[in-house]
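**Q** Join the two chains, each given in its own frame, into one complex according to the hints.
Those protein sequence lines, which keep their order, are chains B and U. With the working numbering applied, the first sequence covers 1 to 808. With the working numbering applied, the second sequence covers 1001 to 1280.
There may be inaccurate statements among the hints.
[Stated by the list, open to error] As a list, the in silico DMTMM-like pairs of lysine to aspartate or glutamate whose alpha-carbon atoms are at most 25 Å apart:
(1) K1024(U) with D747(B)
(2) K515(B) with D1187(U)
(3) K317(B) with E262(B)
(4) K1253(U) with E570(B)
(5) K1262(U) with D693(B)
(6) K580(B) with E419(B)
If you are wondering where the hints come from, they were derived from the structure by calculation, not from laboratory data.
The chain contents come next:
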Amino acid sequence: MRRFLTLFCLFVFLLPCAAERRVSGFVKDAQSREVLIGANVWCASGRTGVATDNRGYFQLQSGPDTLVVSYVGYATRKFPLPAGRDTLLQVLLSSATELQELEVTASRPPRADVVRLTADQMAFLPALGGKPDVVKALQLMAGIQGATEGSSLMMVRGGDPGQNQYLLDNVPLVYVNHLGGFMSVFNPEIINSIDVYKGNFPARFGGKLSGIVDLTQREGDVSGHKGSFSIGLTDASLTFEGPLSENRKWSYLVTARKTFTEALMAAASGLLMAENKSVMAYGFHDVNAKITYRPDERNSLSLNLYQGDDYLGTWLKKMEQQPDVSGSTGSVWGNFMVSGRWNHVFSSRLFAENILSYTRYRFRESERYSDGAGGAQSDSENIWRSSVQDLSWRSAWKFSAARWWRMEVGSQLSWLSYEPNYVYASLAPSQQARQIYRSAEMAVYWENRIELGRHFLLQPSVRLSGYETEDAFFWQPEPRLSLQYSPWNGHTFTLAAMTVSQNAHLLFADGFILKNEVWFPALKNVPPQRSGQLSGGWTGYFHDRMFSVQLEGYYKKMENLVALKDGYHELADLADMEQKLETDGVGEAYGVELTLKKEKGVWTGFLTYAWSESWRTFQNINGGKPYDFEYNRPHSFAVSINRKLGEHWNLNVLWVCASGLPYTPAVGRVLVPSGTFDANGLPVMEEQLVYGDKYSARLPLYHRLDVGAVYDYRTRRGNRAQWSFSVYNLYNRMNAYDCAYLSRNPDKDDFPQEDTTLKLYQISYYPIIPTFSWKMYFDYSAARQKHEPKRRQPSEKPARKHGWLYLE
Amino acid sequence: MDNKRAGKLAVFALLSVVFTSCYKLLETDFPDYEPSLVLNAMLRPGDALRVHVSRSANLGDSAVLPVNDAVVRINDTVLPPVGDGWYASSDSVRAGSTYVCTVEASGFPAITRSATVPYAPEIVSLSVLPELSVSASGEMNRRYNLTFRNDTSRLCYYHFVLADYVEDYRPATGPASSMSVSEAVIDPNSNVVFRNEPEPLSVFSNVNMDSDVFTLQWSVPTQMRSLADTVFVNCSACLELQSVSAEYYRHLKRAAAGYYDKNGIFAAYASTCYVLGEQK
Chain B
1 MRRFLTLFCL
11 FVFLLPCAAE
21 RRVSGFVKDA
31 QSREVLIGAN
41 VWCASGRTGV
51 ATDNRGYFQL
61 QSGPDTLVVS
71 YVGYATRKFP
81 LPAGRDTLLQ
91 VLLSSATELQ
101 ELEVTASRPP
111 RADVVRLTAD
121 QMAFLPALGG
131 KPDVVKALQL
141 MAGIQGATEG
151 SSLMMVRGGD
161 PGQNQYLLDN
171 VPLVYVNHLG
181 GFMSVFNPEI
191 INSIDVYKGN
201 FPARFGGKLS
211 GIVDLTQREG
221 DVSGHKGSFS
231 IGLTDASLTF
241 EGPLSENRKW
251 SYLVTARKTF
261 TEALMAAASG
271 LLMAENKSVM
281 AYGFHDVNAK
291 ITYRPDERNS
301 LSLNLYQGDD
311 YLGTWLKKME
321 QQPDVSGSTG
331 SVWGNFMVSG
341 RWNHVFSSRL
351 FAENILSYTR
361 YRFRESERYS
371 DGAGGAQSDS
381 ENIWRSSVQD
391 LSWRSAWKFS
401 AARWWRMEVG
411 SQLSWLSYEP
421 NYVYASLAPS
431 QQARQIYRSA
441 EMAVYWENRI
451 ELGRHFLLQP
461 SVRLSGYETE
471 DAFFWQPEPR
481 LSLQYSPWNG
491 HTFTLAAMTV
501 SQNAHLLFAD
511 GFILKNEVWF
521 PALKNVPPQR
531 SGQLSGGWTG
541 YFHDRMFSVQ
551 LEGYYKKMEN
561 LVALKDGYHE
571 LADLADMEQK
581 LETDGVGEAY
591 GVELTLKKEK
601 GVWTGFLTYA
611 WSESWRTFQN
621 INGGKPYDFE
631 YNRPHSFAVS
641 INRKLGEHWN
651 LNVLWVCASG
661 LPYTPAVGRV
671 LVPSGTFDAN
681 GLPVMEEQLV
691 YGDKYSARLP
701 LYHRLDVGAV
711 YDYRTRRGNR
721 AQWSFSVYNL
731 YNRMNAYDCA
741 YLSRNPDKDD
751 FPQEDTTLKL
761 YQISYYPIIP
771 TFSWKMYFDY
781 SAARQKHEPK
791 RRQPSEKPAR
801 KHGWLYLE
Chain U
1001 MDNKRAGKLA
1011 VFALLSVVFT
1021 SCYKLLETDF
1031 PDYEPSLVLN
1041 AMLRPGDALR
1051 VHVSRSANLG
1061 DSAVLPVNDA
1071 VVRINDTVLP
1081 PVGDGWYASS
1091 DSVRAGSTYV
1101 CTVEASGFPA
1111 ITRSATVPYA
1121 PEIVSLSVLP
1131 ELSVSASGEM
1141 NRRYNLTFRN
1151 DTSRLCYYHF
1161 VLADYVEDYR
1171 PATGPASSMS
1181 VSEAVIDPNS
1191 NVVFRNEPEP
1201 LSVFSNVNMD
1211 SDVFTLQWSV
1221 PTQMRSLADT
1231 VFVNCSACLE
1241 LQSVSAEYYR
1251 HLKRAAAGYY
1261 DKNGIFAAYA
1271 STCYVLGEQK
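The following block holds chain U by itself, in its conformation from the complex (with noise of 0.2 Å):
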């Protein structure tokens, strides 16, 4: 339905002539907001043990502070400030661990969070399919399958991410420099997998899939050259199949309708990716 969103942009394009819309200041003081200690981790096999600590701020405020004096814990180990609200260790993260990390800091409650690492998933074959479809603003659609090995015998979420222009690629974690993300575009009715489902639909469970391998199908606007030219042809972009943990799966969830925990997201996934049409 990502066509209907093209759709919807040029309508309200068009509207915007007849119905001009106008901004005007409303609201520059508000209420204070009681501070919260923020903590963040996006824990990956093979990376370092880090996480990064802040505080919340009112939205009058001009940044977000890091916090630089707290007392990071990760099982046991405590973690140094290595600056800017972050904190490390030389441990690396491996795959099936679990991590429970406490965080002191004056004038705050004390937070605990934890997270098991999955394991990357393991992706079979990715083919193109012949068909293209059309959106509400004439771009077409180019379909790919996508399929990977699905553990049936554990809860399992995964996590799809089309990314348009890498600069550097690392075999052992994925696209490491900077990147755009986008979400594919998945048809909720193409799978008992995605029927119930809540948005965004490249978040999903293993719930309702019966197979120890899982076909994938999505597609991707042809404008998206860089990928849809792509998946096999010599550019900067990959596709990357994450496998994530439980709390981060709910995050990604609830981030797609805006609304963000106050304590931050203390994150586990561990992924495949797809470059240049081979497998990394």
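The shape of chain B in the complex, shown without the other chains (with noise of 0.2 Å):
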């Protein structure tokens, strides 16, 4: 057997080496150094070609061939490689407006389950805050749905908006909303790539059941000091970015955005409000900074730094019949994280990345009171906290075993620690016993990628999941499998299956004003989440790929769902949350996608469509029957149209339509005793609405139009700025927020009073809502280069340094 096991490892590893060498290397912009995520590269003889991950990152083994290497915006390359044995490559790409672009002819299509958005593509869409936003452009895709207009929360596939998971980096981030979800945390500045996952996960992605949004971010360009400066309605961001070092080997890259309501809303609460006794100010900030070094070609390490908060407080007015009394309320939640990140590497056929973080998510709120004339027990403090750690070690092992068999091998350990409710209340007689839940998830994982002849592309991978908690361990086997035809170049059928599990709830408590997310481990009798899709479709190219479609339809079926039992809201009420759960939830949801995009020419845009159904079942919900998940819309459509103006000008038309949200209706009137008595010592009886199944009604189609332009500019002093308009709802559409049965409309007064007939009214919130935003970009070490000498052109003729191959 031992020998039968020999004979075969070498057939699989060494015979297919003996005839073809390996090309392995990072495709980057020619002038910053930044990667660039998803360029394709392959052998001109169309026998193989592959995509680079999101570290720049590819690996292929060939025969004497030339190979090409192609990315949206920059010029299509073809290097001949030189004779020899297997290549180290560093592919330096310049965009299409300085060399004339070459016509891409092959490569496989993405998925059909993967939504890639790069930084430009975002840039143009109107956004609400006139500035663009992650979550609200990923909203736009098939697929992904928004909760309530203007929120944040996302949902994927008829999935809960705790089930997806945000990578910044390779590290998941716990919160993802500002300003109660009207914004998103991730500052456009920085990024690079946007890659969701809406199914059929790689191996190496766990943890969540629905969506992974990896988010790449950028790394400081090397190529001089430079930075820009944006200020929209709720806020101003600042970035800088550069070489720390002459040599180049050390960059840096970061940004900064900070709100500047806080004065005005202070002013607005308190002058107009003046009856009000205290003040009121919100605002939120946030700081990502990152420094890389790459010592040589072969290794590259980064240090990542995130750190955002939001901040509701209000101050008590001095009273001047209590002068001695001061008081305030506080709320502040947010994310903290840092990174350390080492990708090495080893050989052609051998990559590795290891990176080790720490994340902290808390929600705090607080009361103070103090009266100075009351002495020591007049003053008193209350605090809520709920927090989530996470101190992780990553480490991902790529590998090329044969040119049609590359592997991805790899390990992930976290120990969490959630406080899901902690109370303190200064004056209480004994303070409330902390509940902290540690525990600890690892998972090993190994994906292939077997290609088996031209046509078919085997993905079978494993994910092999464990969790300690407390009181229990859960193990998880996570098969994923996918198979890919390409029949005809630029177009691919897939077909995939997979299971996930999910160790951590989410759970939404009331807060001052918004819902606070609190989040809760899977527990001996709160098991985690589980989840399983089968999902096809099919992704062509047309026209040169001028234009695309995606087509894709899925069934998911999830389990171990949670709920808050009823009577359950705010954090307060979350102590021993355990016994406050549904924990017996079971999802199903299914659709189909329609995605069409044209990524080429002055006129370019995406037009997407989504059927879906999804459905929750609880026991002790709805009586035990099935209904309609609260955010789900069975139909959502998009259609973005851009178009270039000459030099300066950059229209956006976006139109979005939709079905509205499922509401429970009332379906009849009855009386009760309302607790209270007449003077003939009778109960008084009030009406009081009768309603029906849960989520059984919807509330009328939601659409409207935005509009945005974008004008690019040299200021007098030669700094690229931009002008960003948007107008948000341009028809003035007031969609249904909400519903309520009233017997008369509140906004009029004419309204005959003696009707106590009821009739059902939509609460509308977003009129037209025209924005506009001011960017400029500097270029602190412009005047020192030029003094440099000129850069030189591209070389057809490669140069090699450190045994890399510089192909430019």
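**A** Following this line, the structure appears as structure tokens:
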């Protein structure tokens, strides 16, 4: 048996290698050295081709051949590979404006269950705050829906908002909303590329059931010190980047955002609401920093930092009759994340990435009161807090076993600490014991990419997940299988199946104003969520990849979903949370998604349509009958058209149309005792509504038209600048946000008072909203660069450096 | 956490300036709802035995109509109609008794409900605590302790009610004239009794009470002057501790979430009140 295995390994690993050599490396921007994610790299013979991953890295094997590399917006280049052995490559591409663009002719199209969005594609979409927003842009994609209007909560293929994993450079971020969901925490200034996996997750991803949002941050531009400043209606942001050393081995990128609404809001609440006894202010900030060190071509180290918080506070006004009294309330919530990453190219067949990270999410509310004249007993402080901490190590190894077989193996180990509900009351006779749940998550995975001839690609993978908490251990094998068939160049059919588990449950607790995210770990009696998904689709390119079509259908089943029992709403209610959960939830979702894109030419744009159904069943909710998922919209449609006008203007029109959200309808009225009595001692009876099945009715169709224009120009000092104008909801459609049964319209005074019949009114919040923002780029090393020798023209002749071949 | 509700109101008021809300008529024709018989009763010791019968209405109807031609029996006693949907007998409700009520009306299936009338709880003391707390809208809360006797031998349900305006008070049955009722603010972490109790916390059971005497800590905004000043000062307000039947307990919990039984509520309770600083 051992001899057989040895022979098998020799056959598999060595035999193919004897005939062909391995080619691997990075594709980067020739000037900034920023990695290009999703660049197509293939052999001109058409035998093999790959796309770069989110490190800009690729691996392939070929015989003597010509390498072709393409990337949207960059000139497609062909590089004859010199004869020789295994080759490590640094491919440097220049933007298409500098060199004549070549036509792209080959490589396998991306899968239909992956959405890729670049910072450039996002930049021109009209946005509510005047500045692009990552999650709002993703909500336009087929299969991804938002919650209520304006919210950054994201639902992928009928899943819950807590079933999405947001990875910032492969490190999970727990909380992704600013301003209660009006904006996401991802500063568009630092985004290189966004991949969203709606299903068929690669085995390296796990821990969330429905969606993986993989955001790759840019690295600092090593060509010079640069930056940008932008200001919109809600916030301003500042970005700096550049090399940290003369040899360009070190680079930095720092960006920060801050609202300027605090003072305005405090003034408004103090002046406009003079009768109010307190002043209120809200704001947020976030900071991203990244330092990258590349000691040589084989190694890359980076240190990432993210910190962002929202804060809402009220302060008691001074009272004449009680000058010694002071009081305040405060809420603060947000993430802190720090991570270190080391990438190493061992050889042309082996690449490794190791990440050590720490992430913390916490939400904290507090109340303070002091009466200087009342003594110590008159001072009080109450605190409510919920937090999650995650210390993780991830290791991934990419290995090219043969021309037709590449694999990735890896592992993950996480130590998590959940404190879903901490309460402190300074004047309480005794403090509540802290409930901290500590757990460990571990996973090993094995991804395979096996090319079966020229037309088939098989990707069998497995992820083995383990989860240990204080009272239980769960393990779950998660097999995943994908088969792609490419009968013609530019067309791929995919069939996929996957299972995945999730060890943390997201619940929403009422706060001062917004609903707060509370994470609760799986326990013996609250088992991990599980999901299985089947999907199949077709991706096709037409007219030299000018047009693309993605069509996909899916079926997903989710188990062990949780919901808060009736009567538990606030953080203070959630002690002993395990007792307050419905834990037997089952979810079912299915649908069809269509995406049409035009990515070249002066007219570009996309059209997306999704039909989806999503149901939930809990034994103690809705009488045990299945009900529509709270945020499901069976039909959603979006069309975006972008037109470049000359050198300066870029126009965009976006029309969104979707089914209304479901609501629970009232079906009748009854008399019930009010709890009070009249003068004759008889109970006072009052009318109340009787409701029908949960979420069995639907609000009217939602639609709106947004238009945007970006004016790109040079300032008198030569800096590039942009004005962005956008109008949200151009035709002032009053879309239903919610509804209420009322006997008269609260907006109208002339309604007959005696009419007591009930009518259903929709409540709308978002009228036409014009916004604008201004952004200026600056290059504070430009003056110095004027004296530097002119950059040499790209050469067809490859240069060798430290054993690496530079193709430029 | 009532402070937070006040905060929400203030912030929503501010947001309404920025995003002006708009109401628009959506629906006036609703599908017909099959009407059902609705039986309501609030049985209190000392009160006359009486129930109210009505029929449920469609959303578009102008009013919910009482039913005056039903046959109502309680424990084999037929209650005659007294008008406007009320049926009453001269018998008084007695604490500790179980009442089974059956209602028959033409065109509807008969409905039967039962309730056992609890005994009134005994209030031991009421005291005010010196400290104040502040809410998000700047209102201050005054804290109180209410101590009452608890029967640990059986499952009991309580409802704590604040009434800040009472025109008439009857010692036998509690507040009897028009009044407005408020929920007391109870911190769920103040006692293990409330830690697993769904909202509203003013309705609670004695499942986790292990003592014959229980002290309920609650607070009320000082802006509610009539109560805050009146627990010990001569003013027209009172607090009421009710011992309620199991069905009434469930009804109060569901009603707080806006859900009501389509067949009404057959409730029983007995209460003890504090008015003007003295126990009644």
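**Q** Work down the list of hints and note, for each, if the structure agrees.
**A** Verification of the supplied hints:
For the suggested pair K1024(U) and D747(B), the alpha carbons sit about 9 Å apart, so the restraint of at most 25 Å is met. Note on K515(B) and D1187(U): the hinted pairing holds, with a Cα-Cα distance of about 19 Å set against a maximum of 25 Å. Our distance criterion of 25 Å between C-alpha atoms is met by K317(B) and E262(B), whose separation comes to about 17 Å. Under the criterion of a C-alpha separation no larger than 25 Å, the hint pairing K1253(U) with E570(B) is consistent with the structure, at around 16 Å.
Distance hint between K1262(U) and D693(B) is fulfilled; the C-alpha atoms sit about 13 Å from each other, no more than 25 Å. The straight-line distance between the Cα atoms of K580(B) and E419(B) is roughly 16 Å, inside the 25 Å bound, and the hint therefore holds.
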